[in-house]
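Protein chains in written order, with our numbering: chain A, 954 to 1410; chain B, 25 to 614.
Don't read these hints as lab results, they were simulated from the structure.
Fair warning: there could be bad hints in the mix.
[To be verified] 20 Å max Cα-Cα, derived EDC-like pairs, lysine to aspartate or glutamate:
#: 1; chain 1: B; residue 1: Lys-31; chain 2: A; residue 2: Glu-963
#: 2; chain 1: A; residue 1: Lys-1352; chain 2: A; residue 2: Asp-1385
#: 3; chain 1: A; residue 1: Lys-1313; chain 2: B; residue 2: Asp-301
#: 4; chain 1: B; residue 1: Lys-570; chain 2: A; residue 2: Asp-1350
#: 5; chain 1: A; residue 1: Lys-1336; chain 2: A; residue 2: Glu-1359
#: 6; chain 1: A; residue 1: Lys-1218; chain 2: B; residue 2: Glu-370
#: 7; chain 1: A; residue 1: Lys-956; chain 2: A; residue 2: Glu-972
#: 8; chain 1: B; residue 1: Lys-540; chain 2: B; residue 2: Asp-584
#: 9; chain 1: A; residue 1: Lys-1218; chain 2: B; residue 2: Glu-375
#: 10; chain 1: B; residue 1: Lys-567; chain 2: A; residue 2: Glu-1394
#: 11; chain 1: A; residue 1: Lys-1396; chain 2: B; residue 2: Glu-532
#: 12; chain 1: A; residue 1: Lys-1307; chain 2: B; residue 2: Glu-532
#: 13; chain 1: A; residue 1: Lys-1360; chain 2: A; residue 2: Asp-1350
#: 14; chain 1: A; residue 1: Lys-1333; chain 2: B; residue 2: Glu-495
#: 15; chain 1: A; residue 1: Lys-1399; chain 2: B; residue 2: Glu-591
#: 16; chain 1: B; residue 1: Lys-576; chain 2: B; residue 2: Glu-590
#: 17; chain 1: A; residue 1: Lys-1191; chain 2: B; residue 2: Asp-123
#: 18; chain 1: A; residue 1: Lys-1192; chain 2: A; residue 2: Asp-1037
#: 19; chain 1: B; residue 1: Lys-199; chain 2: B; residue 2: Glu-180
#: 20; chain 1: B; residue 1: Lys-151; chain 2: B; residue 2: Glu-185
#: 21; chain 1: A; residue 1: Lys-1396; chain 2: A; residue 2: Asp-1385
#: 22; chain 1: A; residue 1: Lys-1336; chain 2: B; residue 2: Glu-375
#: 23; chain 1: A; residue 1: Lys-1333; chain 2: A; residue 2: Asp-1285
[As the list claims (entries may be wrong)] What follows is a list of derived Cβ distance ranges for each label pair:
#: 24; chain 1: A; residue 1: Tyr-1061; chain 2: B; residue 2: Tyr-579; range: 55 to 63 Å
#: 25; chain 1: B; residue 1: Gly-609; chain 2: A; residue 2: Ser-1345; range: 22 to 30 Å
#: 26; chain 1: B; residue 1: Leu-582; chain 2: A; residue 2: Gln-1409; range: 24 to 32 Å
#: 27; chain 1: A; residue 1: Gln-1014; chain 2: B; residue 2: Arg-217; range: 48 to 56 Å
#: 28; chain 1: B; residue 1: Ser-168; chain 2: A; residue 2: Tyr-1061; range: 27 to 35 Å
#: 29; chain 1: B; residue 1: Asn-64; chain 2: A; residue 2: Glu-1060; range: 35 to 43 Å
#: 30; chain 1: B; residue 1: Lys-570; chain 2: A; residue 2: Gly-1343; range: 20 to 28 Å
Built from N, CA and C at the ideal position, the CB exists for glycine as well.
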Amino acid sequence: MIKEYKTIREIASPLMIVEGVEGVTYDELVEIELPDGEKRRGKVLEVNEGKAVVQLFEAAQGINLANSKVRFLGHPLQLAVSEDMLGRVFNGMGQPIDGGPEIIAEEYFDINGLPMNPAARAYPAEFIQTGVSAIDGLNTLVRGQKLPIFSGSGLPHAALAAQIARQAKVLGDNETFAVVFAAIGITFEESEFFINDFKKTGAIDRTVVFSNLANDPAVERIATPRMALACAEYLAFKKGMQVLVIMTDITNYAEALREVSAAKKEVPGRRGYPGYMYSDLATLYERAGRRQDKEGSITMIPILTMPEDDKTHPIPDLTGYITEGQIILSRDLFRKGLTPPIDVLPSLSRLKDKGIGEGKTREDHSGTMNQLFAAYSRGKEAKELMAILGESALSDDDKLFAKFSEKFEKHYVSQGNNTDRTIQETLNLGWDLLKILPRGELKRIKPELIEKYMPQE
Amino acid sequence: MSGTILKVSGPLVVASGMSDANVADIVRVGEQRLVGEILNMTGDRASIQVYEETSGIGPGAKVEPMGLPLSVELGPGMLENIYDGIQRPLPEMKAISGDTISRGMDVPALNREKLWDFVPVAGIGDKVVAGDVLGTVQETSAISHKIMVPKGVSGEVVKIEQGEHVVSDVIAVVKDEKGTEHELTMIQRWPVRIPRPYSQKFTPSRPMNSGQRIIDTLFPIAKGGTAAVPGPFGSGKTVVQHQLAKWSDVDIVVYIGCGERGNEMTDVLMEFPELKDPRNGEPLMKRTVLIANTSDMPVAAREASIYTGITIAEYFRDMGYDVAVLADSTSRWAEALREMSGRLEEMPGEEGYPAYLASRIAQFYERAGVVECLGSDHRKGSVTAIGAVSPPGGDLSEPVAQATMRIVKVFWSLDSSLAYARHFPAINWLNSYSLYVDTLAPWYNEQFGEKYMENRTQTMRILQIEEELQEIVRLVGVDALSHDERLLLETAKSIREDFLMQNAFMDEDAYSSYAKQFRLLDCILNYDNLGREALEKGADMNKLFKIPVREKLGYAKLADPEKFEEEYDIINEEMKAQIAAVLEGGSEND
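Chain B with its partners taken away, still in its complex shape (with noise of 0.2 Å):
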């Protein structure tokens, strides 16, 4: 049964004589037989969202309803794999249609050609329940797939096929209690607006090694956690993004670009396969999914690629994996709801977008979580969300971000006047917070001992009482302040060039152990400790600032990832020499 288009007002199809299908279903538009989503229903006249240019779609063209809600198909042959925003494959796209984009293709998101190795896990007899790993298939030299049982089925392995296969080859049979046979394929498809299930959720506790300073000690993020990283145009949210996606210690990262810049993607694709890493020395491509659905490509299909994208990542959470999914950037994916809404003529609420706006960013948000999976093995995986906001004018008070701030734990508030005097990454350490810093400290306190913590603590109050000197300074000069407040602005200058600031794009410095940011620190901080106390036994203040280990302790950042204790090691004695000096010089100024 195909019905007949009434209206076509951009994005939106208006269809009659859709009585069979239902809201939420997937429908054919046209001859071009574009993509599109019902999301209302009058009678028998159908809301379709369609998600491809519809110039050339005219009243009086069919509307075929496909039957189901909009899917993804899951299996062996997302990684390394670029996708659109309802899951197409990008370069199977580009050898069908060239550089640009036409429309209505019917390309099947996972390759039904390419032979996968399949060694099963599961024997002939084994009783089997939903999430149970049937088998394994080396998707990419990083990560091996397990291919499990969908949820609806369980009972008994009747036949299981070792061996090169296809994806949509049955690859298992499994007969239920009622002694029906259900055959089983590499492939489970999943609609994406419905959350995948898992058995138990669990609160956050381990953090997630981002290879960044700023972010790992002072407003570090838990595996299963969210945080969102706000800031305007400029401020370098999209590197912030980037460098997540390259040095995060998870399995798999699902990167959705989500109405930016085509060249973005490109420098991902371009980039990825290039750079290893730093834990197994593996290209980071081979862990990596993305979801693109730039500026320029239909807006419909920006809304559904932030649900395509974490449908995917919980897929890999129910093998078991720690997933981290990085949306740049849910502002745009926000806007095209707003587009829709309007179209629809709904009521709008605060600047146009529509009254279910939070709901819709909560509901996203609520995706991540560390869980125990489906299956009988209590495998744990997580989703880690972590969105990019883009607010008009960097203003924090628009809808988007205030909907955002409400729902996620960490927020990475990137600062404009930072970024003007290049102090990347230009998270502000003001405003920014983590509340999982309680969470995880039990964790820090186990692996590197209390003074971590410890370490962190002071930074943040010499960070906070500089502003508050700062403010002095700008009215009545530097020369009001005593010694010891000199010398804090001193550390804090330190921390801030010294420590907070990291180059994205120099290699010695894009990634830090938490070993290094911690020696790193510590050193710094000792500058602060020493210094002191030289103070207080009437050291000359400007020798002390001026001790050319400080000029060290500026290129220290750069050191060896293997080496660096041990420089850090002569830093500390050149340090205490050094301000020993000074002591001996006594207190007289020259």
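Pulled out of the complex, with its shape left as it was, chain A reads as follows (with noise of 0.2 Å):
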């Protein structure tokens, strides 16, 4: 029995306070039906004996509290899925904006999703190729992971991340994949740019797009990711897909969750955000994966814009203090002309190394990887001491490594958005730079790996 309140004592949005309530549950779906007709949805947030905190998802303009009938409907929000979301475009709260027909639900979804059990997790181990050399090479990337782009406002991050939609497999695979897309607070022309590179390629009609712009309400950012990622976990755990799903802008969600708490009055955290932002966002990211007995995968690339570039500022320190490494892009690589402007060194991806070496890529993977990441270091630091004291004061063996460096940003990072390397293709490149340096240099490369593929004069 579903009760009508027409007891609204309060509006602030985005926070309502319903009066003499009874039966209402924590984290219960409400749904407020404007005199028009009109519905708006929102959540418990605190129960205290009669009375309920309600935190919109949609914006509270034209709420009246008088005429304005309020139902529990006694569960959390819920996603409703089915196989026919693949080529469908819906708002950030899962309603079909394409012009389609609404969907019929094969199930229903509680968006929250439920936390993996970490005995039930397969350990992401499956080399995914990108095509982007920094990605492959240095920085690889497994099904399974989540693995953010750091970027600053006017940095090609949707290119890249397109290029990476565009041209990522599993080597010798035929599994059917998919691609979930969620725009959080992005403008219209982003999200635009990626909807037509999947039209491009054809990528659309296996594509789920959540779409919340700029100009759609802060509150409902907090429900589209976790709308995307109830979508993603029916296709790869129902339906056995490998599904990919890009969650443009992290910053942009992390806003309106500051919105939000702010308005709840809580104790602020760093930089005014709340001081659970880390559990929230694990709740977020942590759906990303593999399960032992299904066949599918999660794997997540969510894109956030650095503050100032900084990387300490709140949301890319905690962000990468969950996921499984970042792609940061670089400024100054970008004003160099560099495409894609990949700072490999503060890059990782900390599932690598399971991913990589013989029988994945290759047995010179890993040593490679790691005498180019030490090299271009190095060559990074030789070129510095340059800038200040000319290059004479550099000894033979630093300016051999300044040449590396120049040689390798050129060639290796910056490859363009339209090429696609193979892995072979990486390795080979990285052997080509390495064969600058003195042979001993490159001890973290095993001598019998480098007798069978340093290439000859």
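Can you join these two chains into the complex? Each is in its own frame, and there are hints to help.
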């Protein structure tokens, strides 16, 4: 029996207080019916005897306190899921906005999901070839990983994410894939860029889009990524698909979270973001992964713009503590004209070690990867020194390292957004570059591999 | 008697009608029977932190007090197992609820059906006190589990049952002075927030061998000691923790994944059964207990997981074992504390953390130590506690890092610039410290002679001077340095790359014995000593830096653990010969 209440006491967007309620439970879905029949949704944040505090998912505009009706629906916010969602576009609350029919639900999924049992996870270890050398060779992506792109305003993260979505494949594998794309508070243009790219490659038929644009209500952004992930979980673990989830922009999500927290008058943490932001972001990111008895997987590429390009800002910082690495774009490299401008040194893939090597990529992968990192790092230092003291101050070896880092950026990193390199091409390119350095400096690679792979003059 | 819910706000539930319950008692909340713990009482109102997601709980629902504080079950069956923060076995939860964790599950921590072969040590008529060993169970091929007389029981053994039993069977009966008979099973219960008792505590005096060169040689930790591993994300905290869990020469490892990634626990679960303990050849999983409360699991249970872990560690310590507790990460635990404190509307301290943060951290680390256990055989055990700290933005001035630094004795400071250059473990040799160096020196001297510690001192000196010289190089270039100083830079580079750097993912390099560490460092310092002599005699510096044996030194750490002595002897011989050859070539430049 669902009761209706007309006892809204207070609305201070995004919070609403309803009094005199009975049998209301925490986290329950709330439906508000406006006098003209329009419906809005929210969820119970706190219930104290007869008083319920409700967080609206949608704008409060137009809600009349005296004449609006409130219903508590007895279950959390759910998403109707079905395989027909592929190829469709939904708004941030999961309603179709592409003019097509409503989805006939095969099942209803709680958008919050449930925590995955660590004993039921399968460790991600299948190499995904993205065709981007700086990722495949140095910060390898594996199936079931969550690997964010840390970007800054004005940097070409969208082009890189689209390139990955277009080129990503698991070698020797024909399983069905799907893309779930969540636009969180981004502009129409950016959203269209992705959708057009999916259309160009034909991937659009295998894509589900959840779109909350910059002019949509900010509070909806709390629900949008959860909608997308509920859909991804359905496709991956019920339908056995290999799902790639792209979420952009997490910074907008975190700001919506801060807005709600401030409205609740919570004690703010760093920079006004709530103290529980780590746990909250974790409930999104940790939904990526593989499960032992299931075929499908969720690989996640969240994109966030670092305010002031600052990696220690709470949003990238907390994200970095949860995700399995990060791909960092650099403004310096972008200005130098590198495409994609991936800053490989602070970038990292934590899961690479189990996804590379003999039988996955090639036996020399791990050694050359470490060697390229070490050499590039030393080369950059040498170049800094050179900038201060001039080239004559460098030792002969350091001059070679400086030359190496120059070529490394130009040939290895800057490959353009339309070059799709195989892993063999990437590895061989690495050897070509390492040839610049004195043999005695290649300590990270086993001598027998140097013998085998080092290109002859 | 049960109470009634008045308020629900996230993991915090307030219930009335709770006058029978005690502070810190466990309760079951609502129809779903979620597990909660009473934090505060006001009149008959109790504030409860619920260890599971409270979605669907509302006013009017019942709260049932269980009449006991949050406790763990201690007995055979914990090793090789993986538990959540309140000691529910995750594999069994998976069997019940599938891939995800559903709520209100009531699964006993110790399997009630598995039979254990109980071998009595005590006989009928023996007088026993708390802590005495009644008998043993071979829990895994690596560990013999001692069944001890629980605290509060002493007297005469009147019955003892040899043979196969489940944990809940009565295996012994002890009659006390008053004539009361105590029926004892293989299970003990212990409230997690109270340290388990011991007879006496000692200052740690033996090192814990970790097989990690920078740790064992430069910044050693003692068995029974405390250490913190702080570092920004991506600096390799978890890999350091995993390496310690794998290679430490302790009997038992308790690994607590507290608010961290699910895949990291999966990694341990998949890898540890395959890896062999270098000391006894047994799979590492046979000595390991895992506690996993990953970041997507409910936040309140994250707060409990640290206590669950250390209580299990203390229990194995009480058997006379050396135990290591690895907590990754204590910062997430502190955040859980902050979140509950905020919900309770307590006055916040620094950065929103409760004012009692520092004392809670201190209490946790203080449960480590070397002790003489209860019982009449005066056996000794130890708990070594190592916690990762994840400071926001890598900034160590934040409250959790500061409170931790005040209490721990070893500090392995991870550095992002080392991590970027893929120098792992990225432990910064200038900022890190170990206060155990002096107390452990006698042990090192006794085992390896005084050379070990002398080499350590020389190494630290070289690294320190290198830093100073690098300053000069950055300002005026390398040519401003004398030949001696140039040699020191070369040696320091060799120490960094050929000794301190250790690849956790390369089988030959992941573990280094003390003897190998000692000989390897000795080879490198030998280069410095011989080189210095040669420079004095007028040897050509550039030729000296380019002698071929240095390339060999670069791979020396990969030497076979059985045959490294010979290899290092050869390196030393070649080094001598090549430096002598340089000297003969005279000092003219080419």
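Handout entry: Distance restraint between Lys-1307 of chain A and Glu-532 of chain B, which requires alpha-carbon spacing of 20 Å or less
Key = holds, 17 Å
Exercise for the section: Would you mind confirming whether the straight-line C-alpha gap from Lys-1191 of chain A to Asp-123 of chain B stays at or under 20 Å? Expected result: Holds. Lys-1191 of chain A to Asp-123 of chain B sits at ~12 Å (cutoff 20 Å).
Practice task
For the pair supplied as a hint, Lys-1192 of chain A and Asp-1037 of chain A, confirm whether the alpha-carbon distance does not exceed 20 Å.
Solution key: holds, 12 Å
Exercise for the section: Measure nothing beyond the straight line between the CA atoms of Lys-1336 of chain A and Glu-375 of chain B; if it is 20 Å or shorter, mark the hint as holding. Expected result: violated, 40 Å
Exercise for the section: Decide if the proposed pair is consistent with the structure: Lys-151 of chain B and Glu-185 of chain B, CA atoms, cutoff 20 Å inclusive. Expected result: The hint holds at about 17 Å.
Exercise for the section: Kindly confirm whether 35 to 43 Å is satisfied by the beta carbon distance between Asn-64 of chain B and Glu-1060 of chain A. Expected result: holds, 41 Å
Handout entry: Lys-1313 of chain A paired with Asp-301 of chain B [C-alpha distance capped at 20 Å]
Key = violated, 27 Å
Exercise for the section: With a cut-off of 20 Å on the C-alpha distance, tell me whether Lys-1396 of chain A and Asp-1385 of chain A pass. Expected result: Holds, at roughly 17 Å.
Practice task
Please work out if Lys-1352 of chain A and Asp-1385 of chain A have their alpha carbons no farther apart than 20 Å.
Solution key: Between Lys-1352 of chain A and Asp-1385 of chain A the Cα gap is close to 17 Å, so the pair holds against 20 Å.
Problem - Consistency of beta-carbon spacing, Tyr-1061 of chain A to Ser-168 of chain B, with hint 27 to 35 Å - result: Violated, since Ser-168 of chain B and Tyr-1061 of chain A (Cβ atoms, about 52 Å apart) do not stay within the stated range.
Exercise for the section: Note whether the CB distance of Tyr-1061 of chain A and Tyr-579 of chain B lies within 55 to 63 Å or breaks it. Expected result: Hint holds: Cβ distance 60 Å, inside 55 to 63 Å.
Problem - Restraint check for Lys-1396 of chain A with Glu-532 of chain B, where alpha carbons must lie at most 20 Å apart - result: holds, 14 Å
Consistency with the previously given hints fails for numbers 3, 22 and 28, ordered from lowest to highest.
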